[in-house]
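Visitor: So the sequences go chain by chain: A and B.
Numbered per this note's numbering, the first sequence finishes at 114, counting up by one with no gaps.
Numbered per this note's numbering, the second sequence finishes at 115, counting up by one with no gaps.
If you're looking for bench data, these hints aren't it; they were derived computationally from the structure.
Please read all numbers here as calculations on a predicted model, not as lab measurements.
Some hints could be false.
[Claimed, not checked] Listed below are the simulated BS3-like cross-link pairs for lysine-lysine, each with C-alpha atoms no more than 30 Å apart in a straight line:
| no. | chain 1 | residue 1 | chain 2 | residue 2 |
| --- | --- | --- | --- | --- |
| 1 | B | 57 | A | 44 |
| 2 | A | 62 | B | 58 |
| 3 | A | 71 | B | 58 |
| 4 | B | 42 | A | 27 |
| 5 | B | 58 | A | 44 |
| 6 | B | 42 | A | 71 |
Spelled out from the first residue to the last, the chains are:
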Amino acid sequence: NAGVMQNPRHLVRRRGQEARLRCSPMKGHSHVYWYRQLPEEGLKFMVYLQKENIIDESGMPKERFSAEFPKEGPSILRIQQVVRGDSAAYFCASSPPRGGHEQYFGPGTRLTVT
Amino acid sequence: QQQVKQSPQSLIVQKGGISIINCAYENTAFDYFPWYQQFPGKGPALLIAIRPDVSEKKEGRFTISFNKSAKQFSLHIMDSQPGDSATYFCAARRDSGGSNYKLTFGKGTLLTVNP
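One chain only, chain B, in its complex shape:
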């Protein structure tokens, strides 16, 4: 059972364009939704995260949009740059309950930004 579904699997964008990656989750107990960026040969690094009490969070060129009723969230990368080329993972976690903070990941999106 895949609890977090991510699409598309790969994405090619021109420099300066907008990259959009979507995720959907099933477990309504999830209450923390991070996005990770991973470069080849490296570990994932936290990019931006959101909790369901807000519908949008923006940090620089990166924005998360969150739709609680649809159980969906998305990452928007504005003015995409070649240096943004990486694999992006959405994830979800249940923080309430306070005993286990394991992350459930989507399968990832390989983003290529052409110069």
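In isolation and in its complexed conformation, chain A is listed as follows:
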């Protein structure tokens, strides 16, 4: 049973480019969470999605960031027109339906904006 998969593991983008981060949840999991980890900081919640629905995006910056979790395929976190301050590790976590369960984290995508 494969764990949560994220790709790419490392992503380098120049300022102004777009970054697309992918997350494949564990089999049978329909809840996906995205968290961002800045250097020497804890993880901060960004967005919570269920299949085809955004449940809570209160942690997402208002501009340039978007997320989706389509009926088929991985969840995508998209950052448009990246800036240096977007450099961070982005983790997704998944959990089974009905909530209240452990969240299993992927290995993260480390985004570097040059």
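Take the given structure of chain A and dock chain B to it, following the hints.
Guide: For chain B alone, kept in the frame of chain A given last:
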């Protein structure tokens, strides 16, 4: 507003010693308190978790102590080993209400266990 405060920021312990990491929370609606362990280049992994209906939970060398009135909880690692060297995060979540299970994390503690 930092809802979960964690201390210390870093901790050095000798092999065989006890590591203690503390967290305090503000939101009394939180009712699930996990601890995560993260090794460099990896994602966080759940270590142990507690709900406020108990004051202590032990799993192997790891123990959570919970003080509901003080809104504090701590992780104790007994007989610390060099393999325990990692960053530890406390977190909190509100499970009652049943619609959103996002975690609120502390800033982390870098634990180094010297051989």
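Visitor: Next, verify each hint and record whether it holds.
Guide: Cross-check of the supplied hints:
| no. | hint | verdict |
| --- | --- | --- |
| 1 | 57(B) <-> 44(A) | holds, 26 Å |
| 2 | 62(A) <-> 58(B) | violated, 42 Å |
| 3 | 71(A) <-> 58(B) | violated, 40 Å |
| 4 | 42(B) <-> 27(A) | holds, 20 Å |
| 5 | 58(B) <-> 44(A) | holds, 27 Å |
| 6 | 42(B) <-> 71(A) | holds, 28 Å |
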